[in-house]
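Chain by chain, the residues run as shown.
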Amino acid sequence: MTDYNALTDDAFRAELRAFFEANYPRHLRFLPRRMRWHECRDWYLALSKKGWLAPHWPPEHGGMGLTPGKLIIYFEETERAGIGRMPDQGLTMVGPTIIRFGNDAQRRKFLPPIIAGEHIWCQGYSEPNAGSDLASLQTSAVLEGDEFVINGSKIWTSMAHDATHIYVLVRTARQAKKQEGISFVLVDMKTPGITVRPIRNIAGHEEFCQVFFDNVRTPRANLVGELNAGWTIAKGLLGFERLNIGSPRRPLQALEQIEVLARARQLGDNPAFVERLTELKLDLADLGSLYARYVDKVRRGEALGPDVSMLKIWATETYQRLSELLIEAAGEYGAFEGEIPVGDASVDILSPFYTSRPGTIYGGSNEIQRNILAKYVLKLPG
Amino acid sequence: MTNFAHPSEHAALLAESVADFVRRGTTVARARTLREAGAECDRAQWRGLAELGWLGVLVPERFGGMGLGITEAAIVAQGLARGLVPEPFTATAVLATSILAGADNEAFMAEKLPQIVAGKLLPAVAWQERAGELDPGAIDAVAVAFEGGFRLSGVKHFIAGAVDADAFLVSARHAGDLALFWVPRDSAGARLTQQRLADGRSSGTLGLTDVMVAREGMIASPAVARAALAQALDRAAVVAGAELVGVMGRALELSLDYMRTRVQFGKPIGSFQALQHRAVDLYLQQELATAVLAEAVHALDSGLDGAPRAALASRTKARASEAALRITREAIQLHGAIGFTDDCDVGLYTKRALVLSAWLGNATAHRRRYARIAAQPGGAHD
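Sequences listed follow chains A and B, in order. Counting in my numbering, the first sequence runs from 3 upward without gaps. Counting in my numbering, the second sequence runs from -14 upward without gaps.
Careful: at least some of the hints might be erroneous.
What the hints assert, rightly or not - Computed list of lysine-lysine pairs in DSBU-like fashion (alpha-carbon distance at most 35 Å, straight line): (1) A:Lys381 <-> B:Lys336; (2) B:Lys252 <-> A:Lys180; (3) B:Lys336 <-> A:Lys377; (4) A:Lys179 <-> B:Lys252; (5) B:Lys336 <-> A:Lys283; (6) B:Lys252 <-> A:Lys377; (7) A:Lys377 <-> A:Lys180; (8) B:Lys105 <-> A:Lys381.
The hints are simulated quantities; they were obtained by calculation from the structure and are not laboratory data.
Chain B with its partners taken away, still in its complex shape (with noise of 0.2 Å):
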């Protein structure tokens, strides 16, 4: 079952392939495995995602990429979450390579991106500073030019795929505005902690001191650093909403089976009218999350821009945030005692949710940047 609307012959076939590179990677069974080892990439994995193009599924065709839409990247990115697929796919396929493409720095997208699209370079974004806190201008993180370049100082936090990540995309205030710099993992000056999530995975904490970046090494100037992180957050956080849905289907399929087969007073437990109704509003959430993305997908591929997609990331993020929580956390009471165990799958998938909803910004936070913009003239009349 897909979750797309009117999914187009193409779009069934991706999500095809998808399942099928979960199926053969086993990745539940992995994910449990990664867990335990306090890793998220399995660089053979990931170059898997390489080799069948998902990582340049955003990035133009100059580039080395697919050259394709939020639509495919929403299909991958669903699919790879009903696996439970550890890696940092939208961290990386989209939110930084979004990034990139959107910069000013032709240079610098020519180099590296072909090397991000082959799975062999793996950046990381570092743009915000406060919990709760969606502006990508609302940081304190600054760079001071020097006769060879920037200096960088300043903390980021909640970094998605920090763990493997080879460099990270750092905000900074230069001269004011908005800019984008390239920060290699090794680099002098810069500390990276890792902190454990719910689902094993890690958000990173990178402290800069003085960080020397050369002059080339800004990615994105002043004049676009600030629409081309706009433009990338939104993707990610409607992108991070495919993923949602995702997990929230998985998580109400496997307690819809467990409804089926499960007895006790001689039937299922499935028949039981109190629980159909619970499991028909879990389904309505199912649906409103995925008729929003569809919308949302539809829209930015359509060229939606400024407080119009803003507030359609946002509405996409908090409703799919919400609901991921609230069937996954349902479907923990809905398989009663072994629910609670750490050997069904459904725990897996809660935590999840649980680590998706509170990244980029959980559904309180976009319900408050959706109330912002539509209190503007002309904003959220999606």
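One chain only, chain A, in its complex shape (with noise of 0.2 Å):
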């Protein structure tokens, strides 16, 4: 197995590009949305037979187990080669959860099937009346015998049409501490009584879905970690969700749009322009130092603390910046739908202006994680 951290930087980011040039599809390439799951199975199982699907899970685990330093260059290159978003909920969320708070037998279980892309997996988290209260979720579980039986419904659950498995919040107890009765479980979506239901979003596309639990049974060996002690696994995991939305990548895409429309419009001659750009550049360079200082932190094996909700705020607010500015920047066309051709290539000049909407809503919304900073990490009363 290639220890890639041993390589230099030049010669591993070398090894990638080469690798994704010549093997991601090219009408794949920079997607205006996520991919569907029949659009990137090949692509999937190709880099999970070259070994690079989970870059910064442990190699024990099948991962390439990257140093943060490496790991950017990952994402970079992933970025360069305009490589979209494919259903990654079991490589980003839960299996980093199952390494992190999972059981041998749930590692041996789940793992695997993930590396292979046997597995895919969705989160089922908001309910229509539990969105940014989430820890008002209803959703109940309930045990009979050596199994859950789960009923209500989740919703906004992304590419649950595409999903194999689903990880779900559920109501195990009524405490009087809404956060202390709440349960972690796997379940697979083949279980008689779920019916996903797709839900059209503003660009146009079915990403996300409601899901409805109707007495659906799962074992209780899918429970990960402690019975009613769902929320702080949530809270981890909204860590590494903080993590993943707080990574440069999907902002460093609409900077190269920028910067495509740019060069054919000639706006390098617009001081207001260019400042405004240079603006954005560095607003983006200075998260990837931010990115890299957390990225290094999971890497030393520590636990993320509220304060990495500053990089989900920071990370998801420049993107919208960029998107603003590939619309200002593009003039007139700002409100043509779908690509328009701009010299060689051509930009969808809407698409990032969407898909950066969601950012600063999910995962906790922006107005959430600044709650939480003011908490927990600046100690304001109450």
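Join these two chains into a complex; the hints should help.
See the structure below:
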């Protein structure tokens, strides 16, 4: 097995670049939406075969075990090649959670199928009446013998229509404190009683869904961590999620599109544009420095504290600012639907505008993140 | 609280000694006294800094220094700035010593550096001629050779630490190339004027009319002068960034303390969400500046050179300047009317932020430099 961390940065970058260029399907480059499983299955499996699917997982579980510096190169090259986002909840969310909070049986049962592309995961957190106030969730799981029986519904579940499995936060006890009766369970989507209804989003894509649970039975062995301790795990996972949302990868993509457009429209001669672009470039480069700090923490095995919320705030808001500059830079084309031809390339002006909207809402809205930082990091009074 | 990402034990100890120096010197009160007198360097305090070895933090051991890195220089600068120490640490112990140590006049180094380290000789660097111009080569001052040495003519602006300087390190064109010269304060033909800065310190202007410098007074020949000055300026920009991080850190602490204790409408004002979110956004700026600074000191100590070094130094100074100005401005707002009084320390921090932000290139100047470097092939891949 190759120790990628032993390669020089340049050699590692060259190896990634060559493989991505040669193997990532051309028609999926810079896709203005998340990829569906049927589109990206071959790519997922190609990465898996190469051993490059899980750059941040430890090698013993099939990951590349990259150091932070190498991980950032991996993301940069992914971005450069215009590689789209796959249904990656298994890789980015549930995998790391099972590695950290699960038991050995769960690691053996659930990690290899993620790497093999046999299990595709989605996340069951939000409910119609539990959004920002996630801890008020009502989907219930009642123990009957060796099984939980689940009733309720989850919403804003991304890619549920492609998923084979879902990890769910369920209410297993009605405690005085709403956070204390929540558990984290794994459910096979083929289980009878599950219904998935896709929801069309503002960009016209069906990426998220509502998932209904009607007497759905899942084994007790699928409980991750202790009973009623799911909130702590979810918060740990949200740490991962905030790290993932905090990646400079997607804003970098928007920046690249702005640069394509700027070259074609010769905006380099416009000082107001250049100043604004440079400000945003620095916002993004500084995001990289902040991100590297947290990736480094994760790699050292340190838990991410509540301060990681600021990474999410800065990444998602920088992404939105970039998406807005792209529209401004396009002038009259700023309202055109779909791809417009720009020089030798084509750019979808509105796509980053749409795709950057949910980032400040999901995973705890940025207002919630600011509340968290004020309370737990700045220790301001309640 | 130290602002470095992963302080080694050694770094934490150093930060603690700096904090102790600031406490013993009651420096905030002293800064108030000195500004009335129009002075900025208390020679007893300067000797104190020398005794702790900090004036020689970057100076090689063979010249009596500690031979440490930018990491340590930044820790000292950040701690001194937290206490509003008025003495010109960065201008002398970083900018001037880096030029001398990077120069090619070995005999001169051997004579002057130990005296600087001991606090007996205080040089200031006179390199800049125009506001907003960060290219050390963009100067008009000339050094014309004659039998015994050189005759220097020109006007240098924005000289930090000029009030107490015993001598100046002056850049001038010599046969078309850049060279550096040692000009004692009392040299015939040298006129020093001072203008008062916001924090009570001064900016020096040095006029030179046929100032005679002996041949051995050329401290850096054209072979090395430009590189030595460029490196010293990048180092100083990063360490000034550390000072700004110290200033913003203390201003934010003062504001958060005030928010926890000031009661209006029957509650601490820090319980109001409008103020909490504002404080979080300031904290975020501080952490961005801290993350960039950490990356920069590490990179400079690892030998980063050329355009990538310049880009990273500019990124550090730009972010630190903007963040410090914003945090100190908003600190006034968060304090309400009391924040607008001279008695309140936040005003002192605001003024120090104004001075440090403007020095060695403000945020706009450094963003422009960053943009220029990034536009070159292989430029700013930091």
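Comparing the hints with the structure gives:
1. Taken as a hint, the lysine 381 of chain A and lysine 336 of chain B pair is honoured in the structure, with Cα atoms around 27 Å apart against an allowance of 35 Å.
2. The suggested pairing of lysine 252 of chain B with lysine 180 of chain A holds, with an alpha-carbon distance near 26 Å, which does not exceed 35 Å.
3. A C-alpha spacing of about 30 Å is found between lysine 336 of chain B and lysine 377 of chain A, which places the hinted pair at or below 35 Å, so the restraint holds.
4. A C-alpha spacing of about 25 Å is found between lysine 179 of chain A and lysine 252 of chain B, which places the hinted pair at or below 35 Å, so the restraint holds.
5. With a C-alpha separation of about 28 Å, the suggested pair lysine 336 of chain B and lysine 283 of chain A falls inside the 35 Å cut-off, and the hint holds.
6. Using a Cα cut-off of 35 Å, the hinted pair lysine 252 of chain B and lysine 377 of chain A holds, with the two alpha carbons roughly 15 Å apart.
7. With a C-alpha separation of about 19 Å, the suggested pairing of lysine 377 of chain A with lysine 180 of chain A holds against the 35 Å cut-off.
8. For the hint linking lysine 105 of chain B to lysine 381 of chain A, the alpha-carbon distance of about 46 Å lies beyond 35 Å, and the restraint is violated.
Violated hints amount to a single one, hint 8; each of the other numbered hints is respected by the structure.
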